[in-house]
Amino acid sequence: MSVPLSHILIVASLMFAMGLGCVIAWRANVIMMLIGIEIMLNAVMLTFVGGSAHWGIADGQLFSLMLMALTSAEVSLALAMVVYLHRRKQTVNTDRFDSMKG
Amino acid sequence: MTSLIPILSLLIFLPLVGALLVFALRQSASAARWLALAFGAAEFVLACAPLAIDRQGTAQVGVPTGFFLYQDHGWIDRFGIRFTLGMDGISLVMVILTAFITIVAIIASWKVKERQGLYLSLLLALQGAVQGLFLSLDLFLFYLFWEAMLIPMLFLIGVWGTGRPVYSTIKFFLYTFVGSLLMLLAIIALYLMHGAQTGSYTFALPALMHTTVPYQLGLWLFGAFLLSFAIKFPLFPLHTWQPDAYCDAPVAGTLMLASLLSKTAAYGLIRIAYPLFPEASRALTPLVYVVAVLGICYFAWVAFAQRDMKRMLAYSSVSHMGFVALGIAAWSPVAVSGALMQMVNHAITTGALFVMVGMLDERAESRDLSDFGGVWGKVPVLAFFFLIFNMASAGVPGLNNFVSELIVLVGVFKVAPAAALGAFLGSVLTLIYTVRLVQEVLFGKESKPTVLAEVSLREGSVLVLLAVVVVYLGVHPGPVLDLFKAPLELLLNK
Amino acid sequence: MMPATYLTLMLLFPLLGGLTCAIAGRKLPRVLVESLACGAVFGSFVCALLTALSYTAPTVVTLAEWFASFDLVIPISLYLDPLSLSLSVMIGFVCGLIHLYSVFYMREDEDYARYFALLNIFVFAMLTLVLAESLPLLYLGWEGVGFCSYLLIGFWYRDTNNADAGRKAFITTRIGDTAFMIALAWLFQLFGTLSVTKLNGMGFLMPVSVLTALGILFLIAAMGKSAQVPLMVWLPDAMAGPTPVSAMIHAATMVTAGVYLLARMYPMISASQTALAAIAVTGAVTAFYGATCALAQRDLKRVLAYSTISQIGYMMLGVGAEAVTAATFHLLVHAFFKALLFLGAGCIIAAMHHEQDIFKMGGLRRTLPLTFWSFLAGAACLAGLPFTGGFFSKDSILMAVWHKGGALYQSLYLLGLLTALITAFYSFRLVFLVFGGGNGHVHRTTGLGVMQAVLIPLAILGLFGGVLNLPGYMGEGLLTRLFVAIPGGGAVEATHEQEIVMQAVAGALALAGLAAAWLRYGKGRAHRMQEAQSPPSPLISFLANGWYFDALYNVLFIRPYRALAGILWERMDKGVIDDSLDGLGKGIGSVGQRLGRWSTGRVAVYLISFAAGGALILCYLAWLVL
Amino acid sequence: MEATVFYILAAILLIGTLCAITARQAVRAIVYLVVSFFALALMFYLLGAPLIAAFEVIIYAGAIMVLFLFVIMMLELESPEKLPKPRFSDWWPALALVVVVVGALAVLLLSHVRAVPPGFTDIPVRQFAYTLFKQYGVAVEIVSMQLLFALVGALYLGRRK
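Residue numbers (this note's numbering), protein chains in the order written: chain A, 431 to 532; chain B, 1078 to 1571; chain C, 107 to 732; chain D, 521 to 681.
Keep in mind that a hint or two might mislead.
The calculated lysine-lysine pairs, modelled on BS3-like cross-linking and capped at a C-alpha distance of 25 Å, are [to be verified]: (1) D/654 / A/519; (2) C/466 / C/629; (3) C/133 / B/1455; (4) B/1522 / B/1455.
Worth flagging that the hints you see were computed from the coordinates, not collected in a lab.
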């Protein structure tokens, strides 16, 4: 395949930026924030895989795999927390959870 | 020369042990008092002991030249920190002065009512720290004592202070702490630089003097030292902690602050900052001149406006410290010996004045000038001493301050006539407020019909002691000046 | 060895006497303190006489080392030469008499110990000043007399005015002293020594401009101590002290210290004609100023104070005209007759229940005859009536001024003559007002007899003081012979005819002044007394208030100083420096609070901060690449 | 040929993501995201990582997204009222940051990668497995423990009192 690495990276960075925008813009909606994080993680995975293919080393792919495992752990915990919080306050609006206010 | 008895360590640890014992005995106030006095006296005897030994002894291997007493023990070897103490003429005089002033402070706090044992214990601890500072030849050790001094002082002001003690304590602490942190940075920078150059990481002062410091960096490092010392001094724009702290501290606290803690800054400049950074100090000398002369005149002028005697004396004290700064700035043998002499004289004269104001305060329960007047008619003996110390402070010849101010001014005039001229102007301003103080307290009509008690035996003994020293140093300061000679020759030829 | 012993004893007697009185005086019986104080001074006088008898040549006596720091070595060394010798004999004599007088004058006062302690220490300091060979030691005496004067002017300290007068004197003279100190530091820088003899010997090594500046510094020092224009304001107020103190300190000895200093440093200063001219002008102007002010005073002691200012002006004029001998001559004679006048005034004041207004006196000629005759002798000397001591001494100064020539000195000569006329007028105004007229009522105090007896030796010395240095046509002067060895001590080389003509002119002027005073205050006495009741004319109050110099200084220096002190403290110290730091503290605090508000506890805010931080790092990296 | 496919997939990926982040409802966003993840999986395959592509489909599009859907449905968050939507003003800081990040990344990319020639090498599964278990055996263990902890944590958080 004759796609330059830089194109892959551009796609990945665009995707990452979208994820970032999602997290910031949906500031109150915890579900959408988690989705934004997933998007960013996928962008990182794309970078890893692209690099791995470019240099012909398996480490990049391997880290994608690790990332996936990590993400699944993270998502499961995060969603469990969403459930937990919803149970306590009947809402998932993050602006309502401000007991850490300094 | 190293003697069999470790005099130098004893000088530091004796007061500390005393502090612990006095603290243990704090339930019985009179026992604590006498014990503290006994430790003070023992320390004084110990401090005078080096006068008896041969100070011209030949240099020994490993001992820096000029130090006739020297101790060196490993401490935190990993970082090259050693417990190095050394005594030359300058530190000898300072050590004796510290011991003397502490005795005066102990006697002056004979009548403290609240928690006297703790009070005296803190005084002794403070003395130990100051002695350590005057003796240490390891920069880290110096810094340690420099900070250690702060702690008892803070308690003395904060717990036994009057007026706004907490405000004054915090102000005092913040000022001095900012300065000392900068100094710590400079010390570490110097330590690293010396280590990189020679491969041996050490805080030993004699070794660090051989570090080659780039000019620009030297300016910064010297500036950090200067700032730190200038705050403790205090020099002109950095002084506003001082009137508050002096005013609100108890008598012995003010005495220690004015007589000893300000001297540690001057000592640091002479022993550390100037010898370590010769070029940088030369470059910043004009600044020191300006600040010193401005301080002499400005503080004398502001002192004139005060109504509170203690505050007036606080300004007077900084004004006189200006002469010390001036002498150090000139960095010529005559000027520096004058500055050292002025340190001794200032400690005694200003200390005596603060003690006297404490006595007046005790009697009339006021420090406001308008509450006094005609004191001469009521308590002639007290008035006599008050007059003597004030005249000494105004620089009347025959009393101690004149000698040192003359030496400083003659020395400075040789190097920087303009600075000396400014200081001369200051001597007129000094007289103006001194005469005002004398007049409003001693002369005039008796404004309050209160009966003032005449000096008691305890007070009389302190005053006579101080007055004798004032006259002795005014008439025959030779022995003290001789002690400065050898170390200054070594310091200034570097 | 002999001079050293005498000199040491001369200084030690009053010092020990003073210290004993100061420390133990209140415990000792009164008679013992009085006799101790008097004995100390007379002992010192005897030592001075013995020194004079055994005197052969100028000697330097080094007693001990005061202090030494590297090349700055200050010995305690004394210098004996005709100048210091003659002055110390005079000081011993006059001060001894005044101590004796004080014993009776201060009979009523409780604070005798303090009084005699200060008086004795004053004598010690004055002798130190005169005998000192090293300048710092001279300065010790110089400040010592100032210190004693400060405390003695304010001796009756309960009255704030007295204490204020003392303070004024101390501070004003300190301004001059500072000039002295500057000169001292500069001399050390130039020559590396502070020995008077060495400095005088090396003075010629320096360029004239430097010497001029040094001369002016010494002149300022002398201005302060000797109450010369423009630092003369303190002396009239200094009369607040007890009268014997005024006689001793503010007439005979301390105030002439400035003249002495200039005479002492004369060999060095004389190389600069500018400095000499400045000294002469200062002297002449002061002489004129003092005389005009004395014209209008109503207070007996203030008349004498202004006349002192004026007479010291003559002495300065003499130094400025290169006539050190004449100046010293006048200094000695003036010491006698002015002490006489003050002590006489003391007798009058004691007899008049401490009344000092001369317009309320009169007729004392008959009730106090002894005082009258002595006072008359003093006034005659002051006025310069022919053949009195004052006549010869004043005339020798005027002659030296004339002889120096040049437009400047000739106009100074004329000013001096005019002043002499005024002097004669006000001297006899005093005599006619105090002693003339109807029978005065007096109050006989105990001891008045002894006090009056003290006047007699002084009157004799004043009247016949001319013998000390007769003009050339009457035989060689004693002082001239003594002083010929020291620079500036030589006699003025004038022909006898010139001398006679000049003395005739001066004598005629003095007599004219006497006649005018008689016309106005002797014959027209009653008229004047009436006039004194009405408010004075502007000219009179101008003169009476010392040309309003006090008010001027008040506006120019004192009030701004006070006001600025307050402003510096309130605005500068507390305002700018302290408040700016307090403000800094508060600023940091509020910044912290505002930063604290940033941590809202809301996830969104943390996230956006985190992202912004990451973006910043990225930007920094990108910037590095660019 | 492959390159064309790649660019088409990239376009799908980006558009799908854009739709996902701007969707009005969370459920729709998840559906869009599943689409873009399928495109991503294909891109992985094109880049010679079939194993990762398979995992992407199975774990991401399959498990994680379904988990999201499950939670949304369990908590009855489907209606738009229950989940606050971004106001218009919320988008500005996000856009500004995005622009900054993209700009900075672009600068970095352009300056660094330009010199690298295009071209990819396939990595056989054998090599992948070899590296994974030989070189990163400890990492695998740690990840497995992490999964275990997450399991315990999720159980703990989700338990009913």
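For each hint, the structure was consulted:
The straight-line distance between the Cα atoms of residue 654 of chain D and residue 519 of chain A is roughly 48 Å, outside the 25 Å bound, and the hint therefore fails. Between the alpha carbons of residue 466 of chain C and residue 629 of chain C the distance comes to roughly 17 Å, so the proposed pair stays at or under 25 Å and holds. Among the hinted pairs, residue 133 of chain C with residue 1455 of chain B is consistent with the structure: their alpha-carbon atoms are about 16 Å apart, no more than 25 Å. The straight-line distance between the Cα atoms of residue 1522 of chain B and residue 1455 of chain B is roughly 11 Å, inside the 25 Å bound, and the hint therefore holds.
Violation of the numbered hints given earlier is confined to hint 1; every other hint is satisfied by the structure.
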